[in-house]
Amino acid sequence: MYRSFLSWRYLFARRTNLIGMVGILVAVAALILILSIMTGFLDASRDAVRGSLADIIIEPNQGVEAGSEVPRDPYELLHAVRSDERVQAATSQLIWAGLITQRGKKLDHILASQGSTANNPILVQLVGIDTAGPLRVTWPALQAAVRTVGGILPDLHVQDEFDTTRLLAALTGEASGPTLAPVENPLFPFAPPSRRPRRGRPKASVLVGEQLFDIFNMRRGDILQIGTIVQDPETGEWPLNNREFVVAGTFRSGQNEADMGRIYLDRGELSDFLGHFRDYTQVLVAARDYEHDAASLTADLRRDLAERGLISEGPRGPYEVRTWEEFRVNLLGAIENERVLMAIMLSLVLVVAGFTIFAILSMMVSEKRRDIGILLALGATPRGIRQMFLFIAFWDALLGSLAGALLGTWGALRIDPLERALSRFFGVEIFNRQVYLFDHIPSIVQPLAVALIVLGAFACALLFAAIPAWRASKLDPLAALRYE
Amino acid sequence: MNTDPTRRDSPAPVVLRAHGIRRAFALGKARSLEILHGIDIALHRGERVALMGASGAGKSTLLHILGLLDRPDEGEIEIDGRDPWACSVAERASIRNQRLGFVFQFYHLLPELTAIENVLLPSMIARGAVDWRRSRGELRARAEHALAEFGLADRMRHKPPQLSGGERQRVAIARALFTDPELLLADEPTGNLDKATGETVLELLLAEQEKRGLSMLLVTHDSRLAAHCERVLTIEDGVIQADSAHPIPL
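Keeping their order, the protein sequence lines are chains A and H. By the count of the numbering used here, the first sequence reaches residue 484 at its end, each step adding exactly one. By the count of the numbering used here, the second sequence reaches residue 250 at its end, each step adding exactly one.
Don't read these hints as lab results, they were simulated from the structure. A virtual CB, placed ideally from N, CA and C, is assigned to each residue, including glycine. Careful: at least some of the hints might be erroneous.
[As the list claims (entries may be wrong)] Every beta carbon over 10 Å from chain H, so not counted as near; a handful from chain A, in silico:
1. 10
2. 157
3. 359
4. 377
5. 381
[Stated by the list, open to error] Using 25 Å as the maximum straight-line C-alpha spacing, the simulated DMTMM-like pairs for lysine to aspartate or glutamate come out as follows:
6. A/474 x H/237
7. H/159 x A/367
8. A/474 x H/73
9. A/474 x H/154
10. A/474 x H/138
11. H/29 x A/184
12. A/474 x H/83
13. H/211 x H/149
14. H/29 x H/237
15. A/474 x H/70
Please put together the full structure from these sequences, using the hints given.
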């Protein structure tokens with residue numbers, strides 16, 4: 001009984017012990033706060049790494065290896081994928097590389113001119129997508145009309161780009177804030193803008209990444225000349241192919257790579273632009289329950305599609321059907337490494353707190369030598385003395401880590417108003433929201449992490465207290481009694 | 001005359017017996033200084049014994065050995081028919097807690113505890129948490145009663161630094177007696193007190209010893225204190241030179 005009683009009494013009788021407790025408190029609170037913010041940031045980074053990727057991406061090997069060709073159009077593949085109950089939606093994309101120039105500059109003139117680098121063309125990613133805006137709008141109206149005459153039209157499960165990626169959010173500003181030149185109707189992104197050249201042949205519309213639009217000083221309705229190269233099947237040459245498009249608006253995904261170098265256009269238009277060299281390059285799949293079904297759905301698609309001859313069989317097959325995480329495996333690995341490294345480095349804070357406890361208890365053992373002698377004379381055992389000093393570390397860890405856990409969790413949950421208050425107080429912007437494209441500081445408190453940190457604090461405190469506690473138990477009672 | 005001082009014709013049973021106790025302390029690596037040269041002693045129930053001797057004669061060393069705070073280099077100790085040094089550390093600690101009571105010259109109270117908590121300390125050491133919770137009320141009442149009997153009713157919640165020397169020693173005596181030990185070992189109990197206070201404390205100590213019928217070994221160099229004891233052992237250069245069954249005449 002005396003162990004807990006005396007350790008509790010010593011804890012508060014000697015203020016130096018409170019330093020150890022405060023050390024644990026600060027360490028635990030700082031660990032929880034920083035780890036929560038890091039987890040929030042990494043989670044946001046994970047979103048950024050995912051970008052516009054769908055849950056599952058299918059990239060059939062279209063003629064890369066002789067004799068391994070799959071169908072040129074995506075419909076059979078789409079039909080096969082959509083027939084799986086675990087699939088929410090599937091759509092096709094055609095991705096190709098293109099070149100654009102500054103407004104008013106002719107691409108072939110620039111390429112023909114030698115020596116000048118002033119008007120270098122820019123390489124962009126052309127993404128041909130399917131959008132089913134008309135169906136989305138007209139089908140419900142048609143259903144209502146048929147209902148009035150007693151008929152029933154089935155629900156139409158429209159599956160297009162908007163069901164598989166976050167493009168619609170990027171167009172409406174839901175992704176990361178309103179964009180510079182929003183399209184007039186996001187459901188009809190390639191509808192000609194009201195301000196457009198009336199003369200000449202009608203031109204297809206494109207959506208330009210916001211940063212690209214800004215850097216090139218574009219305006220909605222501008223003519224944008226895009227060039228690309230496609231191999232001539234007869235001559236085998238790679239001639240430059242030019243075409244003019246109308247800028248229908250911008251999108252803002254919040255991801256630098258896309259906003260700086262991507263142009264969306266209708267998949268049919270792009271295919272036509274490429275001379276129908278390719279109809280699609282990818283099929284994007286949205287799963288109903290990705291977290292639950294990702295692995296099984298991917299494996300089943302690999303097998304089924306290979307059996308149907310829609311993707312390659314053999315060793316290349318698995319690379320043709322990948323989850324978005326497999327697609328970004330290196331970047332995700334780097335993020336996870338960062339999280340683990342950060343946790344390890346931050347754990348050193350606990351070690352520092354442990355050293356504080358070690359120093360305070362060592363000092364206390366020296367100061368309390370006579371008390372130890374008295375306790376031994378009164379019938380305490382060396383083991384009991386050891387436990388008494390370990391109890392002091394236990395109270396330090398218990399009170400410090402509980403208070404630290406509460407403070408750290410509160411801080412992590414209230415980090416935004418806290419940061420704003422501190423910024424106002426110091427007159428310095430601590431967190432620049434423009435840099436990270438977040439309108440708040442992301443913070444995620446993970447109960448398991450909090451529990452592990454508290455456990456770590458206990459382990460650290462007891463570990464560092466073990467040496468002074470052991471020293472106390474080894475004291476000679478006579479020498480201790482004679483100590484002045 | 002009985003030649004073996006550990007044997008005596010008294011009918012009172014022996015509480016503690018020591019035989020052939022030798023103790024030396026190292027002086028550097030090669031040399032050592034022997035303080036006790038084969039001491040034989042037996043303390044009987046209810047016996048009040050004074051251990052006298054000059055400074056450095058070895059009386060405190062002997063007291064510490066008899067109190068199981070120090071281990072002899074040679075010789076045997078027997079308490080209740082058992083050799084405590086053949087017992088486990090925990091059993092030896094239990095003997096110190098239950099059978100022996102210590103009163104030190106410098107009181108040796110824990111400064112962080114109040115007077116009553118200091119008195120309760122041996123009982124806390126003897127009990128686990130559950131047992132302590134069960135008997136706490138009764139023990140506390142006993143401790144309050146003991147302190148009140150010692151004239152410390154209004155000093156129970158005071159900590160040692162707030163008490164006078166005499167009050168501290170009375171608390172120390174109350175603590176030593178709280179577990180009802182069989183043997184009280186008092187090392188110069190009045191050595192740090194003025195004459196008047198010392199006499200009061202001594203009276204209290206002797207009265208309690210008498211009342212409880214416990215054995216007491218009183219270490220002192222003061223013959224006036226020894227005069228209160230029925231038996232006086234005189235130690236000189238680590239050897240008991242005289243063992244009197246009667247008080248030394250003043």
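- Query: Just checking, residue 157 of chain A versus chain H, shortest CB gap more than 10 Å?
  - Reply: holds, 67 Å
- Taken at face value, is the distance from the CA of residue 154 of chain H to the CA of residue 474 of chain A at most 25 Å? Judged against 25 Å, a Cα distance of about 38 Å means the pair is violated.
- Message: So if I understand the rule, the pair passes when the alpha-carbon distance is 25 Å or less; does residue 474 of chain A with residue 138 of chain H pass?
- Response: violated, 34 Å
- Query: Is it true that the CA of residue 211 of chain H sits at most 25 Å from the CA of residue 149 of chain H?
  - Reply: At roughly 13 Å apart (the allowed maximum being 25 Å), residue 149 of chain H and residue 211 of chain H satisfy the hint.
- Message: residue 474 of chain A and residue 83 of chain H were given as a pair; does the straight-line alpha-carbon distance stay at or below 25 Å?
- Response: holds, 23 Å
- Message: residue 474 of chain A and residue 237 of chain H were given as a pair; does the straight-line alpha-carbon distance stay at or below 25 Å?
- Response: The hint is violated at about 31 Å.
- Item | Least C-beta distance between residue 381 of chain A and chain H, which was stated to exceed 10 Å | Violated, because the least Cβ-Cβ distance between residue 381 of chain A and chain H comes to about 5 Å, which does not exceed 10 Å.
- Query: Does residue 10 of chain A sit more than 10 Å from chain H, CB to CB?
  - Reply: violated, 6 Å
- Task: Quickly compare the C-alpha distance for residue 474 of chain A and residue 70 of chain H to 25 Å and report which way the hint goes.
- Result: holds, 14 Å
- Message: Tell me if the straight-line CA distance from residue 29 of chain H to residue 184 of chain A falls inside 25 Å.
- Response: With Cα atoms ~98 Å apart, residue 29 of chain H and residue 184 of chain A exceed 25 Å; violated.
- Query: Are the Cα positions of residue 159 of chain H and residue 367 of chain A separated by 25 Å at most?
  - Reply: Since the Cα atoms of residue 159 of chain H and residue 367 of chain A sit roughly 18 Å apart, the hinted pair holds (cutoff 25 Å).
- Task: Assess, step by step, whether the Cα of residue 474 of chain A is no farther than 25 Å from the Cα of residue 73 of chain H, and give holds or violated.
- Result: holds, 19 Å
Against the hints set out earlier in the document, violations occur for numbers 1, 4, 5, 6, 9, 10, 11.
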